[in-house]
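There are 2 protein chains.
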Amino acid sequence: MAAVSITAAILVIGDEILSGRTKDKNIGYIAEYLTNIGIELREVRVVPDVEAEIVGAINALRTRFTYVFTTGGIGPTHDDITADCVAKAFGVSIDHDPRAIAMMLERYTKEDLNEARLRMARIPAGAELIENPISKAPGFMLDNVIVMAGVPNIMQAMLDNVSARLATGAKMLVATIDTGGLPEGIYAAGLGAVAAAHPGVSIGSYPSFHAGGFRNQIVLRTKDAALLEAATLAVETLVATLKADKAAI
Amino acid sequence: MAAVSITAAILVIGDEILSGRTKDKNIGYIAEYLTNIGIELREVRVVPDVEAEIVGAINALRTRFTYVFTTGGIGPTHDDITADCVAKAFGVSIDHDPRAIAMMLERYTKEDLNEARLRMARIPAGAELIENPISKAPGFMLDNVIVMAGVPNIMQAMLDNVSARLATGAKMLVATIDTGGLPEGIYAAGLGAVAAAHPGVSIGSYPSFHAGGFRNQIVLRTKDAALLEAATLAVETLVATLKADKAAI
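Each protein sequence line maps, in turn, to chains B and G. Here the working numbering is used: the first residue of the first sequence is 1, the next is one more, and so on. Here the working numbering is used: the first residue of the second sequence is 1, the next is one more, and so on.
If we strip away everything but chain B, and leave its shape as in the complex, we get (with noise of 0.2 Å):
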């Protein structure tokens, strides 16, 4: 039986993030939220501030994927475009939204909502909103755009409170062996062997740089748990195989 795959994109909007200046810490924790509730991120993206990067961006992805999450561009100041750019992709007006303003009243009185703050109330006409606990000025969802904060713990909320929302696939399933020192270089043709016999099972191996020299790690990822379970045998025998055949040297 074939899984259903529902898949994602991610659009980080900021020109701090390409400066340099900002490091960014969404894309990261975004991928480990979506593969651990069966979401598969296909791509991310990361474009300026600039109202035409933004809106092709939006829909190349949003046509490709069952989901795009953006991040960042949504506060008071005249740099915060996204809003408008989801409702030009879509060819949708944007307006104040009574239920925006309505979670905005909670923190702020009347007289501290000026026209700046309500800027964050506006809405492209269609979407839902996505609640923020913290600073209340909410994201939305409109079709499968789901457009958050990018100040990480506001982002992390805005997560939280749209998942439950969305179609969600097979959860990916994981094993990780650690070659124990054998260098990729060793196992490497074994390895194309094993991942050639196993087509369902996605084989990676990523070395990674320590003080004490290279570390390397196998990582199979599938949907399927019998076929996980196979291609890890094989590849637990190959690295085995290949490390008495040294300790024979």
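Check each hint, because a few of them may be wrong.
To be verified - Partial list, derived from the structure: chain G residues whose beta carbon lies under 7 Å from chain B:
id : residue
1  : V46
2  : G75
3  : R117
What the hints assert, rightly or not - Computed cross-link-like contacts, EDC-like style, restricted to lysine to aspartate or glutamate with a CA-CA straight-line distance of at most 16 Å:
id : chain 1 : residue 1 : chain 2 : residue 2
4  : G       : K136      : G       : D160
5  : G       : K246      : B       : D112
6  : B       : K136      : B       : D160
7  : B       : K23       : G       : E32
8  : B       : K171      : B       : E32
9  : G       : K136      : G       : D112
10 : G       : K88       : G       : E51
11 : B       : K171      : B       : E40
12 : B       : K246      : G       : D112
13 : G       : K246      : B       : E111
14 : G       : K136      : G       : D97
15 : B       : K246      : G       : E111
16 : B       : K88       : B       : E53
17 : G       : K23       : B       : E32
18 : G       : K171      : G       : E40
19 : B       : K136      : B       : E106
20 : B       : K223      : B       : E40
21 : B       : K136      : B       : D112
Said to hold, decoys possible - If you want a taste of the chain B side facing chain G, the calculated C-beta under 10 Å gives, among others:
id : residue
22 : I30
23 : V50
24 : P76
25 : H78
26 : L113
None of these hints come from the bench; they were simulated from the model. On a predicted model such as this, the values are computed, not experimentally measured, just so you know. All C-beta atoms, glycine included, are put in the ideal place defined by N, C-alpha and C.
Starting from the structure of chain B, add chain G where the hints point.
Quick look at chain G alone, frame taken from chain B:
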């Protein structure tokens, strides 16, 4: 005098980033590095280890920007397909490169340089090599595409080695003003007016959340020192005036 803009995109290649298993450390590093040498990072993409996705992204980005920096997918295992994808994107052949093999023989004996490891010496025709002082298998630069390892310390060494070959533009000048507790919603209207009056300066407002609440910073960016000085003075005057207003209430 309008400064020439040298632009760039980063293409991160790797299932492990999209699954959230590995948290990318290269985007922020390269972004800051390029800013410091006068190259403007304009877009980032992360794509999976899938040929069509990688080739498509390389071709989309290399025609739009001065340089494209890729990370990941140049190891010895079956999932390392970046070099082949670059060759395919440019329509050139790819084969074992004697210069790359010579570099690798500094680390490996001839017997240890097996078929898998020789995969790392496969370089598209016409490419210039980028030295790898750590594990010897080189990166390469083909036309405007710079192909680097995904392991951060190797990528960083490759970036150091290739940077002298790159054209660079005028460095971006940056000024940062901390609003000292003044919230975005209070200065947004005034800041929008300052931004509109200083079109040669990119002005952003960046909230971050700390234990003590929100902290806001206004960042001004331009390549023109006189424009930066004038816009910075305008923002400082705005912030000081709004603080005085607040104190007077």
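Evaluation of the provided hints:
Below 7 Å, beta-carbon pairs count as interface contacts, and V46(G) has one with chain B at about 4 Å; its hint therefore holds. Against a cut-off of 7 Å between C-beta atoms, the interface hint on G75(G) holds, since the closest Cβ of chain B lies about 6 Å away. A cut of 7 Å between beta carbons decides the hint on R117(G): the least distance to chain B is about 4 Å, and the hint holds. For the hint linking K136(G) to D160(G), the alpha-carbon distance of about 15 Å falls within 16 Å, and the restraint holds.
The suggested pairing of K246(G) with D112(B) holds, with an alpha-carbon distance near 12 Å, which does not exceed 16 Å. This hinted pair checks out: K136(B) and D160(B) have alpha carbons roughly 15 Å apart, not beyond 16 Å. In summary, the hint linking K23(B) to E32(G) is supported, as the alpha carbons are separated by about 9 Å, within the 16 Å threshold. At most 16 Å may separate the alpha-carbon atoms for a hinted pair to count; K171(B) and E32(B) meet this at roughly 12 Å.
Pair hint K136(G) plus D112(G) holds up; C-alpha atoms about 14 Å apart against a cutoff of 16 Å. For the hint linking K88(G) to E51(G), the alpha-carbon distance of about 9 Å falls within 16 Å, and the restraint holds. At most 16 Å may separate the alpha-carbon atoms for a hinted pair to count; K171(B) and E40(B) meet this at roughly 9 Å. Note on K246(B) and D112(G): the hinted pairing holds, with a Cα-Cα distance of about 12 Å set against a maximum of 16 Å.
Between the alpha carbons of K246(G) and E111(B) the distance comes to roughly 14 Å, so the proposed pair stays at or under 16 Å and holds. Taken as a hint, the K136(G) and D97(G) pair is honoured in the structure, with Cα atoms around 14 Å apart against an allowance of 16 Å. Restraint check for K246(B) and E111(G): satisfied, since their Cα atoms lie roughly 14 Å apart, inside the 16 Å limit. In summary, the hint linking K88(B) to E53(B) is supported, as the alpha carbons are separated by about 12 Å, within the 16 Å threshold.
For the hint linking K23(G) to E32(B), the alpha-carbon distance of about 9 Å falls within 16 Å, and the restraint holds. For the given pair, K171(G) sits about 9 Å from E40(G) by alpha-carbon distance, which is consistent with the 16 Å threshold. Among the hinted pairs, K136(B) with E106(B) is consistent with the structure: their alpha-carbon atoms are about 7 Å apart, no more than 16 Å. Only pairs whose Cα atoms come within 16 Å are accepted, and K223(B) paired with E40(B) is accepted, the gap being roughly 11 Å.
Our distance criterion of 16 Å between C-alpha atoms is met by K136(B) and D112(B), whose separation comes to about 14 Å. Of the supplied interface hints, the one on I30(B) holds, with its beta-carbon coming within about 8 Å of a beta-carbon of chain G, less than 10 Å. The beta carbon of V50(B) is positioned within 10 Å of a beta carbon in chain G (closest approach about 9 Å), and the interface hint is therefore held. Restraint check, P76(B) versus chain G: the minimum CB separation of about 4 Å is within 10 Å; hint holds.
Evaluation of the H78(B) hint against chain G yields a held restraint, the C-beta minimum of about 4 Å falling below 10 Å. At about 8 Å, the closest approach between the beta carbon of L113(B) and any beta carbon in chain G falls short of 10 Å, and the interface hint on this residue holds.
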